[in-house]
Each structure stands twice: as C-alpha cells, then as structure tokens.
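J.: Below are the chains, spelled out letter by letter.
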Amino acid sequence: MSIKVYLVDDHRLFLAGVKSELAEEFQVVGTSRDVDTAIEEIRGYRPDVVLVDVHMPDGGGIAVVQRVAETTPDVKFLALSVSDQAEDVIAMIRAGARGYVTKTIEPEELSDAIRRVHAGDAVFSPRLAGFVLDAFAGAIPSDEDPELDQLTAREKDVLRLIARGFAYKQVARKLNISIKTVETHVSSVLRKLQLSNRHELARWASRRRIV
Amino acid sequence: MSPIEIGAVDRHHLSVARAPGFELTRRRSNRMIAGVAGGLADSLGVSDAYVRAAFITLGTVWGLGALVYLAIWLAAFDRVADRDVEPVGASRAMGLVIAFGGLMLLLGVIGWWPNPAVVLTAGALGFGTAFLADSSKPGPLAAIMDPTVDRPSRTRVIVGVVLLIGGLTVFTTTIGQVFEFGAVFLAIGLTGVGLVVAFGPWVRRLLIDLSEERNERVRQEERAEVAAHLHDSVLQTLALIQRSEDPARMAILARHQESELRDWLFGHAPLDGVDLVSTALKQAAARVEADFQTPVDVVTVGDLPVGERTKAVVAAAAEAMVNAAKHSGADRISLYQEVGEGVLEVFVTDQGKGFDESSVPIDRKGITESIRSRMEKAGGEVEIDSEPGEGTEVVLRLGL
Numbered sequence: 001m002s003i004k005v006y007l008v009d010d011h012r013l014f015l016a017g018v019k020s021e022l023a024e025e026f027q028v029v030g031t032s033r034d035v036d037t038a039i040e041e042i043r044g045y046r047p048d049v050v051l052v053d054v055h056m057p058d059g060g061g062i063a064v065v066q067r068v069a070e071t072t073p074d075v076k077f078l079a080l081s082v083s084d085q086a087e088d089v090i091a092m093i094r095a096g097a098r099g100y101v102t103k104t105i106e107p108e109e110l111s112d113a114i115r116r117v118h119a120g121d122a123v124f125s126p127r128l129a130g131f132v133l134d135a136f137a138g139a140i141p142s143d144e145d146p147e148l149d150q151l152t153a154r155e156k157d158v159l160r161l162i163a164r165g166f167a168y169k170q171v172a173r174k175l176n177i178s179i180k181t182v183e184t185h186v187s188s189v190l191r192k193l194q195l196s197n198r199h200e201l202a203r204w205a206s207r208r209r210i211v
Numbered sequence: 212m213s214p215i216e217i218g219a220v221d222r223h224h225l226s227v228a229r230a231p232g233f234e235l236t237r238r239r240s241n242r243m244i245a246g247v248a249g250g251l252a253d254s255l256g257v258s259d260a261y262v263r264a265a266f267i268t269l270g271t272v273w274g275l276g277a278l279v280y281l282a283i284w285l286a287a288f289d290r291v292a293d294r295d296v297e298p299v300g301a302s303r304a305m306g307l308v309i310a311f312g313g314l315m316l317l318l319g320v321i322g323w324w325p326n327p328a329v330v331l332t333a334g335a336l337g338f339g340t341a342f343l344a345d346s347s348k349p350g351p352l353a354a355i356m357d358p359t360v361d362r363p364s365r366t367r368v369i370v371g372v373v374l375l376i377g378g379l380t381v382f383t384t385t386i387g388q389v390f391e392f393g394a395v396f397l398a399i400g401l402t403g404v405g406l407v408v409a410f411g412p413w414v415r416r417l418l419i420d421l422s423e424e425r426n427e428r429v430r431q432e433e434r435a436e437v438a439a440h441l442h443d444s445v446l447q448t449l450a451l452i453q454r455s456e457d458p459a460r461m462a463i464l465a466r467h468q469e470s471e472l473r474d475w476l477f478g479h480a481p482l483d484g485v486d487l488v489s490t491a492l493k494q495a496a497a498r499v500e501a502d503f504q505t506p507v508d509v510v511t512v513g514d515l516p517v518g519e520r521t522k523a524v525v526a527a528a529a530e531a532m533v534n535a536a537k538h539s540g541a542d543r544i545s546l547y548q549e550v551g552e553g554v555l556e557v558f559v560t561d562q563g564k565g566f567d568e569s570s571v572p573i574d575r576k577g578i579t580e581s582i583r584s585r586m587e588k589a590g591g592e593v594e595i596d597s598e599p600g601e602g603t604e605v606v607l608r609l610g611l
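Taken in sequence, the protein lines are chains A and B. Last residue of the first sequence: number 211 in the numbering used here, and the count goes up by one each step with no gaps. Last residue of the second sequence: number 611 in the numbering used here, and the count goes up by one each step with no gaps.
Watch out, some of these pointers could steer you wrong.
To be verified - Simulated restraints on C-beta separations:
#1 A:GLY120 x B:ILE419: 52 to 60 angstroms
#2 A:ALA69 x B:GLU587: 30 to 38 angstroms
#3 A:GLY59 x B:LYS537: 53 to 61 angstroms
#4 B:LEU418 x A:THR72: 14 to 22 angstroms
#5 B:LYS537 x A:THR181: 55 to 63 angstroms
#6 B:ARG430 x A:HIS55: 53 to 61 angstroms
Unchecked claim - These stretches of chain B come out as covered by chain A in the derived footprint (C-beta under 8 angstroms, 3 or more residues):
#7 500-514
#8 579-591
To be verified - Here are the simulated lysine-lysine pairs, BS3-like style, with alpha carbons at most 25 angstroms apart:
#9 A:LYS174 x A:LYS103
#10 B:LYS564 x A:LYS174
#11 B:LYS493 x A:LYS103
Rather than coming from a laboratory, the hints here were simulated on the basis of the structure. Quick reminder that beta carbons are idealized off the backbone N, C-alpha and C, glycines included.
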C-alpha cells in the first residue's frame with residue numbers, strides 16, 4: 001500500500017508539477033490551493049503525509065499544520081517552500097511540521113523525504129541544520145528544562161555533517177553509527193526545536209531577518 | 212469550597228456588589244489619573260463622568276477639587292500591587308468627609324467663596340459634558356465628532372454658531388477682569404464646544420486624511436523602489452534568459468537571480484560598512500556558480516567581520532570550490548562555514564568522483580598546494596579528505 005500524499009500550494013503550476021512527479025510512487029489523494037479547503041479535505045481524506053507550502057493567503061502553511069493537528073494528529077507534515085528564511089523554517093517546525101525542504105529539491109530527494117517523514121523521522125535540509133546549530137549555539141540553559149535547551153555533542157555532530165551536505169547514510173558512516181541512530185538523533189533535535197521554550201529561538205530568527 | 216476559592220469569590224464580591232454599606236475606593240485600572248474619581252463613582256454607583264465633573268466644578272473653588280482628589284488618593288494609597296480596587300478604610304473616609312465639610316465652611320466664613328456664577332457655570336459645563344459623554348448611554352459626544360457626517364445639518368450649524376458667539380461674547384465682556392478666571396474658562400469652554408459642534412467631523416476627517424495621505428506617499432515610494440530594483444535585476448535576467456540557448460546557462464542565471472532577489476527581499480544584506488565572512492563566502496560561491504554552472508549550497512553558522520586572515524580563508528574556500536566545480540564532476544557543491552569557540556571552519560564538500568592523493572594530476576595538485584600555502588600563511592590549516600568514488604571534502608581551519 002503506497003503512502004497517501006496530499007499537496008497544498010497556491011501555485012497551480014507547481015502543484016501540477018509536483019503531483020506528476022510523485023504520482024508514480026505515491027498515491028496523491030488530493031490537492032488544494034487554499035487553507036480552508038486543505039484543512040477540510042485533509043480531515044476527510046486522512047492522508048499519511050501532507051506537503052504544504054509556507055506562504056499562502058489566510059494564515060499559510062502554519063495555519064494548516066496547527067488546525068489539522070487539533071483534530072487529526074496522526075497526519076504528518078513536510079513543509080515545502082521557496083522560502084528558506086530562518087523565521088519561516090523555524091515557525092513551520094515549531095507549528096509541528098516534521099521536516100522542511102525547499103522547492104529546488106530534486107524529485108528523488110523529495111520522495112526520500114516523504115518516505116522518511118511517513119516513517120516518523122525528521123527531514124533536515126543542510127540549511128535547516130545550519131539554522132538549528134546557529135539557534136542553539138552558545139546556549140545558556142534555562143532553569144526549567146536544560147535538557148530541551150541544549151543539543152548533545154552527538155546531535156551537533158550529526159547536524160554539522162548534514163549542514164556540510166552529507167546524506168543520512170554518509171553521516172552514519174562518518175560517525176560509525178547506524179542510519180537508525182542518525183534518524184533518532186535528528187528526531188530528538190526536532191523534538192527540542194518544537195518543545196524548547198527558549199526565547200533565543202524566536203529572537204534569533206527575528207534578528208536574522210532584521211540584519 | 213477551598214479557601215482559595217472563597218478568597219476569589221470574596222474579592223469579586225468586594226469589587227462589584229458593594230451596594231448596602233458605603234465604601235470609598237480607588238481604582239487600579241480603567242482610570243484617568245489615580246483612579247480616585249472612578250473609585251468614587253463605583254462607590255456611589257454613578258457614571259465616572261459625573262464624579263469627574265464634580266471634581267472639576269469643585270476645582271474652580273480655589274482648586275478645592277484637586278485638594279480633595281489628592282486627599283482621597285493619599286488616603287487610599289498602599290502598595291498591594293495585584294489588587295484592582297484600593298479600599299479606603301471607613302474611619303479614613305469619615306475623616307475625609309469631615310475635613311471636606313470643615314474646609315467648605317471655612318471658605319464660607321472667611322468669605323473666600325468665589326463668585327457663585329463661576330461655580331455654577333463650571334458645574335453646568337462639567338455635568339453637561341458628563342451627560343453627553345456618559346459611557347452608559349450611546350455617546351452624543353462621539354456622535355458630534357462622527358467623521359462620517361458629510362454635510363452639516365442646519366441644527367448643527369446653528370447650535371455651533373450660537374455656542375461660538377456666546378463664548379466670544381462672555382470672553383469680550385470679561386476681558387480685563389483678570390480675576391474672573393471662571394468667566395474666562397467659561398468663554399474658552401463655550402468657544403471650544405462651539406467649534407467642536409460646528410467643525411468636529413471635518414477636523415477629525417482632516418486628521419485621518421492627512422495620515423492616510425502620508426501612508427499612501429510612503430507606499431508609493433516603496434513601490435517605486437521595488438520597481439527600480441526589479442527592473443535592474445529580475446527583468447535584466449529574464450531578458451538574458453530569453454536570449455540564451457543553453458538550458459544549463461538559463462538555470463544558472465535563474466538560480467543566481469533567485470538568490471539575489473531573496474537577499475534583497477528578506478534583507479540578508481551585510482551590515483553597513485562591515486563585510487562579513489559569510490557574505491564574502493556567498494559572493495565567492497555565486498561567482499563559482501556563474502563561472503562553472505554548478506550550484507553551490509551555502510550554509511553558515513555564526514559570523515565574523517572580514518579581516519586579513521579571514522580573507523585568506525575566503526580565498527582558499529573559493530579555490531576549493533573552483534577545484535570541485537572543475538574536476539569532481541559533482542552536480543552540486545556544499546559549502547559550510549562555522550564560527551565556533553576560537554575557530555573558523557569552512558568545509559567545501561562535493562559528492563563527485565573524488566581522487567587518490569598519490570595520483571592527482573599536476574594541475575590539480577597545484578591548486579591544492581595553493582590552498583595549503585594560503586592557509587598556512589594565515590596561520591591556519593587544511594585537511595583534504597577524498598577517496599576515489601567517494602567525493603571530496605576540503606576543510607579549512609583558522610584559530611582566532
């Protein structure tokens with residue numbers, strides 16, 4: 001049974017292109033170009049993975065992720081956007097997306113990312129890995145939950161290799177660990193990114209925008 | 212019911228239903244000055260506006276209103292921060308009332324009681340305004356200032372003009388009598404109200420229009436700036452793409468333009484007057500993309516201003532990128548820069564064919580040697596990690 005995928009993007013051409021690219025391998029159960037239709041149809045179709053654009057009218061991808069999560073938490077989201085701005089990336093991940101890739105991604109990589117998200121893992125592009133390292137750099141742990149506010153040395157190693165452009169498989173080999181362990185580390189970073197209440201994350205993202 | 216709940220209910224009870232026993236209070240929120248008038252209004256169960264009018268009227272009696280206000284304020288002053296309402300103790304309230312009565316009596320006895328006409332007009336004006344502005348009824352004052360009113364109705368003009376003339380008349384007949392403050396206030400008050408009644412909507416609309424016009428001008432300037440930029444960059448690139456026959460070249464042009472537009476739109480431009488290592492590396496990467504038509508993914512963590520030594524790192528990284536673009540056969544190059552504790556590291560990585568250090572062709576060796584010598588001169592080090600079929604990674608490391 002192939003993975004059920006749903007696409008949300010307000011650009012018709014892009015939607016058509018991605019749909020035809022994915023049609024061979026996945027079951028594309030639906031597409032929509034606005035937030036409200038998307039939320040309604042995702043609740044109805046219950047796809048496995050939703051590819052969602054970040055910038056759309058009426059709240060954008062963040063609204064879709066948050067509102068679907070309220071009723072159907074088992075749907076997984078992969079954000080797909082032309083924007084690789086820090087604040088967009090961080091906001092989507094914090095809203096609950098399990099990964100973030102830019103629209104320049106190669107079709108095979110996209111398929112790979114969908115499978116990974118479906119399996120419950122996280123998908124970090126080199127750029128996202130860089131953002132996370134930057135955001136957690138020089139972290140002074142807060143009193144409430146220091147574990148959530150810092151990356152372990154191993155997690156940093158994994159992120160650095162991803163930022164350097166290595167695929168998970170290569171990361172695993174370089175660190176002499178299994179791919180599963182790499183995935184575990186990345187998922188753990190994703191969790192920290194979503195749950196950490198460090199003010200630095202938001203502040204860091206806005207600082208990058210202002211520069 | 213737990214003790215906490217009892218407390219909460221009690222406090223609620225205190226602030227809302229205080230009907231039977233009179234208790235003087237002072238408000239902590241929804242107040243004009245110190246919440247004295249509001250508290251008094253709560254205690255008396257009347258609209259704030261009337262109490263304020265009373266204070267203003269009393270104020271014309273040698274500033275008595277201000278004195279009373281101050282007295283209540285002081286009596287109701289304590290430092291419990293989280294209370295919304297400040298109660299004044301019953302004995303203090305009683306003391307205040309007696310002192311107030313005494314003061315009035317004293318003024319009467321000494322004969323310092325001002326002209327009753329002044330007090331009366333001030334009172335009439337104050338309470339009149341209070342009536343108009345009474346928030347518990349639909350506000351006539353707000354209606355007078357309604358900016359959507361298009362043409363003045365006849366009544367409006369007549370009332371406005373009458374008030375205006377009345378104000379001016381009182382003003383001219385009392386001018387010179389310096390001590391008739393009350394009359395002067397009355398004159399100013401009447402004139403002001405007359406003006407508001409007659410011209411209120413237009414004054415307000417004028418103000419609204421002015422700010423809209425300013426916003427519109429700002430918007431137009433922004434639009435002009437965007438148009439100029441798009442013309443210089445995006446339109447030029449689109450023209451180049453239309454004239455180009457080579458798809459790879461088109462892709463590079465588009466990609467280059469995309470990153471430039473992105474930087475412009477989202478403001479990733481470097482700080483004024485400071486060149487950053489990350490910016491220099493991105494520029495170097497963009498040159499490699501343009502020259503060799505191989506995309507370079509740049510990821511940077513942390514940053515540094517460009518100095519003599521870091522310049523060498525940027526140059527070395529540029530050579531490493533050129534090397535990868537020319538020889539690796541990879542379809543993309545990754546550049547990762549990180550400023551850690553006391554060290555700048557740059558990784559130039561490709562997934563290309565890699566090489567065996569011993570069998571490097573001579574021209575390629577030249578380039579790697581040049582990378583090495585640059586880094587060594589700057590006091591840094593180079594590490595090259597490559598195996599045939601496994602891609603190549605050049606690591607540049609500079610202690611800071």
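J.: Hint by hint, note whether the structure agrees.
T.: Hint-by-hint comparison with the structure:
{"no.": "1", "hint": "A:GLY120 x B:ILE419: 52 to 60 angstroms", "verdict": "holds, 55 angstroms"}
{"no.": "2", "hint": "A:ALA69 x B:GLU587: 30 to 38 angstroms", "verdict": "violated, 54 angstroms"}
{"no.": "3", "hint": "A:GLY59 x B:LYS537: 53 to 61 angstroms", "verdict": "violated, 47 angstroms"}
{"no.": "4", "hint": "B:LEU418 x A:THR72: 14 to 22 angstroms", "verdict": "violated, 50 angstroms"}
{"no.": "5", "hint": "B:LYS537 x A:THR181: 55 to 63 angstroms", "verdict": "violated, 36 angstroms"}
{"no.": "6", "hint": "B:ARG430 x A:HIS55: 53 to 61 angstroms", "verdict": "violated, 21 angstroms"}
{"no.": "7", "hint": "500-514", "verdict": "holds (count 5)"}
{"no.": "8", "hint": "579-591", "verdict": "violated (count 0)"}
{"no.": "9", "hint": "A:LYS174 x A:LYS103", "verdict": "violated, 28 angstroms"}
{"no.": "10", "hint": "B:LYS564 x A:LYS174", "verdict": "holds, 18 angstroms"}
{"no.": "11", "hint": "B:LYS493 x A:LYS103", "verdict": "holds, 20 angstroms"}
Consistency with the previously given hints fails for numbers 2, 3, 4, 5, 6, 8, 9, ordered from lowest to highest.
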